[in-house]
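Enquirer: Sequence:
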Amino acid sequence: MMERFLHSVRSTNGNQSRMTCRDEHPTHHNQAPALRLQYRLERISHNWVVRRIREQNRRIRERNKARRQFRAAKVELKRKVRSWKKDMNELIRTLKDLEQRWRANTSFVTTQDWDTAVEDKGKKMQILFGKKYPKEQWPKGVTYLNMITLMEYEQKEEKKGASKRGVEAKKKSEAKKTAKTLKQAPTSDQTEIATKSRGSAILPIRPAVVPTPWSRTPLAPDLSVEEQIRQLEFSAAKAEQQFEYLGRSQVVGPHAVGYDQWMKAVEGTDALETDWKIRGLVELARRRQMGELCDGWAFESLAASSFETCSADTWTGFSVDTIALYQREHFAQP
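Letter by letter, the sequence shown follows residues 1 to 334 in the working numbering.
Derived by calculation from the structure, the hints in this document are not laboratory data.
Please note: incorrect hints may appear among the correct ones.
[Claimed, not checked] Straight-line Cα separation of at most 30 Å, DSS-like style, residue types lysine-lysine; simulated pairs:
no.	residue 1	residue 2
1	K132	K86
2	K171	K159
3	K176	K135
4	K135	K156
5	K121	K135
6	K123	K135
7	K140	K121
8	K80	K132
[Unchecked claim] Listed next, with one range per pair, are the computed distances between beta-carbon atoms:
no.	residue 1	residue 2	range
9	V118	H255	31 to 39 Å
10	L145	R103	44 to 52 Å
11	N146	E99	41 to 49 Å
12	T116	W276	17 to 25 Å
13	T106	N146	47 to 55 Å
14	E136	A236	35 to 43 Å
Note that beta-carbon positions come from the ideal geometry of N, C-alpha and C, so glycine has one too.
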């Protein structure tokens with residue numbers, strides 16, 4: 001048995017040694033599909049890597065663009081802030097200059113100068129002169145700090161407001177109804193009704209009140225608008241000049257304003273009849289000009305003193321009727 005087995009093995013080895021290469025590696029299929037699959041896989045992997053790199057570059061570009069935009073916005077904001085600060089400093093300097101000029105002499109600065117300085121600068125003026133930290137005011141109707149009490153108070157106020165609005169709406173509707181009724185009512189000639197009620201009686205004509213020129217009495221109704229405006233402008237200019245002289249007399253002293261200046265300031269006005277301070281200062285200036293001695297600057301005593309010693313030359317620019325009326329009203333003997 002053993003010999004037969006060894007013989008079969010030897011015969012098998014001898015046959016294998018005589019086999020060709022074609023018999024050992026038989027190829028019965030085509031390798032083109034496998035190559036195409038491998039190419040597709042390589043292309044997919046390559047495209048995926050390229051897309052990832054492109055996406056990363058895109059994100060980097062967007063980040064850099066956002067940074068550039070932020071820097072540009074920051075620079076623009078800094079420029080605006082610098083410009084705003086420059087305008088604010090210029091406005092502050094202008095206002096300080098006007099204030100110093102006004103303190104030196106009020107006639108140097110007019111309302112037009114102030115309007116020109118603050119024109120189209122309402123927000124800047126609000127920032128300069130407004131409250132920096134406004135506080136919320138607690139309502140007086142709430143006795144203590146309690147949110148529940150505050151809520152009840154607000155509800156009551158809302159109800160009151162609603163009721164008031166309802167009452168006002170009701171009044172408006174009633175007024176509309178009344179107006180509609182009157183409009184639909186039959187009308188008659190008002191002149192005829194007035195003639196019948198008056199009869200043949202002739203009513204007296206009231207004379208028009210002619211006020212003293214450039215006084216504080218009401219203007220006559222027969223004056224034109226231009227004349228009334230001219231009178232108002234003249235009175236305002238005189239009042240401003242008198243106010244300036246009063247301030248100068250209080251700061252520097254009564255000797256700062258002369259008699260001639262006072263007479264020009266009060267000419268055409270009733271300041272001597274209505275303002276005792278101006279009257280006392282005018283009397284002081286007159287006494288200084290005449291060389292009289294004064295024991296002091298007692299305005300009250302001078303205001304109460306008589307002006308009868310003044311001659312007609314003293315009241316330059318005033319009519320005789322005005323002087324007589326002034327003496328009759330203030331210094332008439334009982």
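Enquirer: Each hint should be assessed against the structure and marked as holding or not.
Expert: For each hint, the structure was consulted:
1. K132 <-> K86: holds, 20 Å
2. K171 <-> K159: With Cα atoms ~18 Å apart, K171 and K159 stay inside 30 Å; holds.
3. K176 <-> K135: violated, 44 Å
4. K135 <-> K156: holds, 24 Å
5. K121 <-> K135: holds, 25 Å
6. K123 <-> K135: holds, 20 Å
7. K140 <-> K121: This hinted pair is violated, its Cα atoms lying about 36 Å apart.
8. K80 <-> K132: Holds - the C-alpha atoms of K132 and K80 are around 22 Å apart, at most 30 Å.
9. V118 <-> H255: 31 to 39 Å: Holds, since V118 and H255 (Cβ atoms, about 37 Å apart) stay within the stated range.
10. L145 <-> R103: 44 to 52 Å: Given a distance of about 45 Å, which is inside 44 to 52 Å, the answer is holds.
11. N146 <-> E99: 41 to 49 Å: holds, 47 Å
12. T116 <-> W276: 17 to 25 Å: For W276 against T116, whose Cβ atoms are near 37 Å apart, the range 17 to 25 Å is violated.
13. T106 <-> N146: 47 to 55 Å: holds, 52 Å
14. E136 <-> A236: 35 to 43 Å: holds, 41 Å
In this structure, the earlier hints numbered 3, 7, 12 are contradicted, and the remaining ones agree with it.
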